[in-house]
Amino acid sequence: MLLTDFVIFVLSLWVGFEVISKVPATLHTPLMSAANSIHGIVLAGAVVIAATAHNAIGYALAFVAVAFAAMNVVGGYVVTGRMLKMFKRRVAPAAASSAVEASPNGNAPARAGDPS
Amino acid sequence: MSGTFNTVIQLIYLAAASCFVLGLHLMNNPATARRGNQASVVGMAAAIVATGALIIHEGVIDATGWIVIAAGVLVGGGLGLYTARTVKMTAMPQLVSIFNAVGGGAAALVAIRDFMTLGGSVAAATSVPTVLDVIIGSVTFSGSIIAAGKLQGVITSAPVTIPGARIINLLLATAAVGVGGYVIASPGMVGLGFVIAAALLFGVSMVMPIGGADMPVVISLLNAFTGTAVAMAGFVIDNTALIIAGALVGASGGILTKLMADAMNRSIGNIMLGGFGSGDSPVALEVAASAGVTAIAADDAAIQLAYASKVIIVPGYGLAAAQAQHEVAALADLLESRGVDVSYAIHPVAGRMPGHMNVLLAEANVPYPLLKEMDEVNPEFARTDVALVIGANDVTNPAARRPGTAISGMPILDVDAAKSVIVIKRSMGHGYAGIDNELYTNPKTSMFFADAKKGLAELTASVKTLVG
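Those sequence lines, one after another, are chains U and D. Note that numbering that gives the first Met the number 0 numbers the first sequence so that position 46 is 45, with each residue one more than the last. Note that numbering that gives the first Met the number 0 numbers the second sequence so that position 140 is 139, with each residue one more than the last.
Bear in mind the hints are in silico, worked out from the structure with no lab data behind them. From a predicted model like this one, the values you see are computed outputs, not experimental measurements. Any given hint might turn out to be false.
On the chain U side, residues computed to face chain D include the following (Cβ under 7 Å) [stated by the list, open to error]:
(1) L2
(2) A24
(3) A34
(4) I48
(5) N54
(6) Y58
(7) A61
(8) M70
(9) V78
(10) M82
(11) L83
A short, non-exhaustive set of chain D residues, derived as facing chain U with CB atoms under 7 Å [unchecked claim]:
(12) A32
(13) V48
(14) I54
(15) H56
(16) G64
(17) G76
(18) T82
(19) V109
(20) T225
(21) A230
(22) A244
(23) P353
(24) G354
(25) K371
Just so you know, even glycine gets a beta-carbon here, dropped at the ideal spot from N, CA and C.
In isolation and in its complexed conformation, chain U is listed as follows (with noise of 0.2 Å):
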């Protein structure tokens, strides 16, 4: 069992090493927020503790691993989903410039219905 749990960790290795290389610098930051979110799957180690918990220390050691990898599965996922949402490809130039005009600050309107 052993075997098969080191042969399937050092794969898992070289697929990470394989599909990360290929993420551009521009999406670095998001790439380390998802990668963050999907270690957040120890929740599902701290609910197999959980579960054979049966005294005092057993179930606090649970609560705090539970609370812990919540926060990091669901933290993760939803900042790495706002940062996303902000990548956007441009529209129109000419809406872009003529934006520009109405809007002091620079955040074009014309921008913000792209749907990517």
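Assemble the complex: chain U is given as a structure, and chain D must be docked to it using the hints.
Showing chain D alone in chain U's frame:
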């Protein structure tokens, strides 16, 4: 575990892991990245639900156990949701650090709890990953909290060195690993407690001496640690979803650590030993005072920018610190509306975590195709009329091309190849490396002495009144 049920759970874990890989794969393009995040969320939800089904099926959980889980999810999830919604983009590095801390902490707790239930009868197949998980998880926990404190300014961001710090680090690391080995040989809670204490202390003493500008490397490294700790937790409780997800994160953190260290032309070991940039160089300061520096007023700089045909903006940490990303975007929009070709040159270590500057500019509605990476943008400087450097210092210093300086060999942006250079800076102060920037004394360069935020607003106003 009964056969069929267990097979179904394993298949769900496999599907979840596939979602994680797909999610990371889709991050290779800003246009598909959001779908990637959603795929990852679906995988995570499936894995958590499957784990819930698994513990119900095993039937060992009691009512208090369910309450503990519910309370933990509510408290932790609520806190995560609140911070994720309210955090400022400039504070992203702190948040990522906190998530590293709690992830690593949770992983360590899983192993500690598992070790306690097993008592003295632990096979090596479990005790080895247990000890590794406890060490790595604890180091990540305390180290990430210190890193977050430094980034937030609660703890000084300057390198904190105490006499004999390296020896203390070495002793702590040796103690954690040595006693860890003893715990593997003869399992006991006292030994494990000692390992936890040594690892927690090591996390603190490892990050304290590291300066603010090295944070991109530190955060990446702690991210890799967290992933590894989670994978070890997967070994401990024999859960493939944890092993795969942990390994993916470990790989991601590892790659980013390497990229960041390369972008500073320093080895990871050199950064972790710390203390860089703490030494001042008074000799160099005098040279700066006497050398010929051209100052420029807002109006003159505005005219140069307005009549340029190609402008490259070089933002650095100073821009982020002054929270001037919206002002720079406003100026760029105005210039573009006049037909100027504007783009941004982003050095890999601009900001306090990998890719931080890109997020700050994206927040200010700068379209991502305008954000150019170093290798892509460097050949373009020769065709550029004005390079506008804002709050970036060492990454533009031509001295890096010569041997024998503190930054020799560091990849830099070839700003000095532009026809003219305008630098917005508050003073002639030094960058992190503590050396003079030869760019500032270049005859092509004009210095616009101002705070980034105010200076950019002035430039925008000047362009409007003079040529608007």
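Structure-based check of all given hints:
Taking 7 Å as the C-beta cut-off, the interface hint given for L2(U) is violated, the closest approach to chain D being about 9 Å. The beta carbon of A24(U) comes within 5 Å of a beta carbon in chain D, closer than 7 Å, and the hint placing it at the interface holds. Satisfaction of the interface hint for A34(U) is found here, the shortest Cβ-Cβ separation to chain D being roughly 4 Å, below the 7 Å cut-off. The interface hint given for I48(U) is met, as the beta carbon of that residue sits about 4 Å from the closest beta carbon of chain D, less than 7 Å.
The interface hint given for N54(U) is violated, since its Cβ lies 10 Å from the closest Cβ of chain D, which is over the 7 Å cut-off. Below 7 Å, beta-carbon pairs count as interface contacts, and Y58(U) has one with chain D at about 5 Å; its hint therefore holds. Given the 7 Å rule on beta carbons, the hint for A61(U) holds: about 5 Å separates it from the nearest Cβ of chain D. The criterion of a C-beta within 7 Å of any C-beta in chain D is met by M70(U), whose closest approach is roughly 4 Å, and the hint holds.
Below 7 Å, beta-carbon pairs count as interface contacts, and V78(U) has one with chain D at about 4 Å; its hint therefore holds. Hint status for M82(U) relative to chain D: holds, with the closest Cβ pair at about 6 Å, below 7 Å. A hinted interface residue such as L83(U) counts as satisfied when its beta carbon comes closer than 7 Å to some beta carbon of chain D; here the least separation is about 5 Å, so the hint holds. The interface hint given for A32(D) is met, as the beta carbon of that residue sits about 5 Å from the closest beta carbon of chain U, less than 7 Å.
With its C-beta approaching chain U no nearer than about 10 Å, V48(D) sits outside the 7 Å limit, and its interface hint is violated. This hint holds: I54(D) has a C-beta 4 Å from the nearest C-beta of chain U, less than the 7 Å allowed. For H56(D), the suggested interface contact is broken, since its CB lies about 10 Å from the closest CB of chain U, more than 7 Å. The beta carbon of G64(D) comes within 5 Å of a beta carbon in chain U, closer than 7 Å, and the hint placing it at the interface holds.
The criterion of a C-beta within 7 Å of any C-beta in chain U is met by G76(D), whose closest approach is roughly 4 Å, and the hint holds. With a cut of 7 Å, the hint placing T82(D) at the interface with chain U holds, because the nearest CB-to-CB distance is about 6 Å. Hint status for V109(D): holds, given a least beta-carbon distance of 4 Å to chain U, under 7 Å. Hint status for T225(D): holds, given a least beta-carbon distance of 5 Å to chain U, under 7 Å.
Interface hint status for A230(D): upheld, as the beta-carbon distance to the closest one in chain U is roughly 6 Å, under 7 Å. The restraint placing A244(D) at the interface with chain U holds, with a minimum CB-CB distance near 4 Å, inside the 7 Å limit. Satisfaction of the interface hint for P353(D) is found here, the shortest Cβ-Cβ separation to chain U being roughly 4 Å, below the 7 Å cut-off. Here the hint on G354(D) is kept, as its CB sits about 3 Å from the closest CB of chain U, short of 7 Å.
Interface restraint check: K371(D) against chain U, minimum CB-CB distance 9 Å, threshold 7 Å, status violated.
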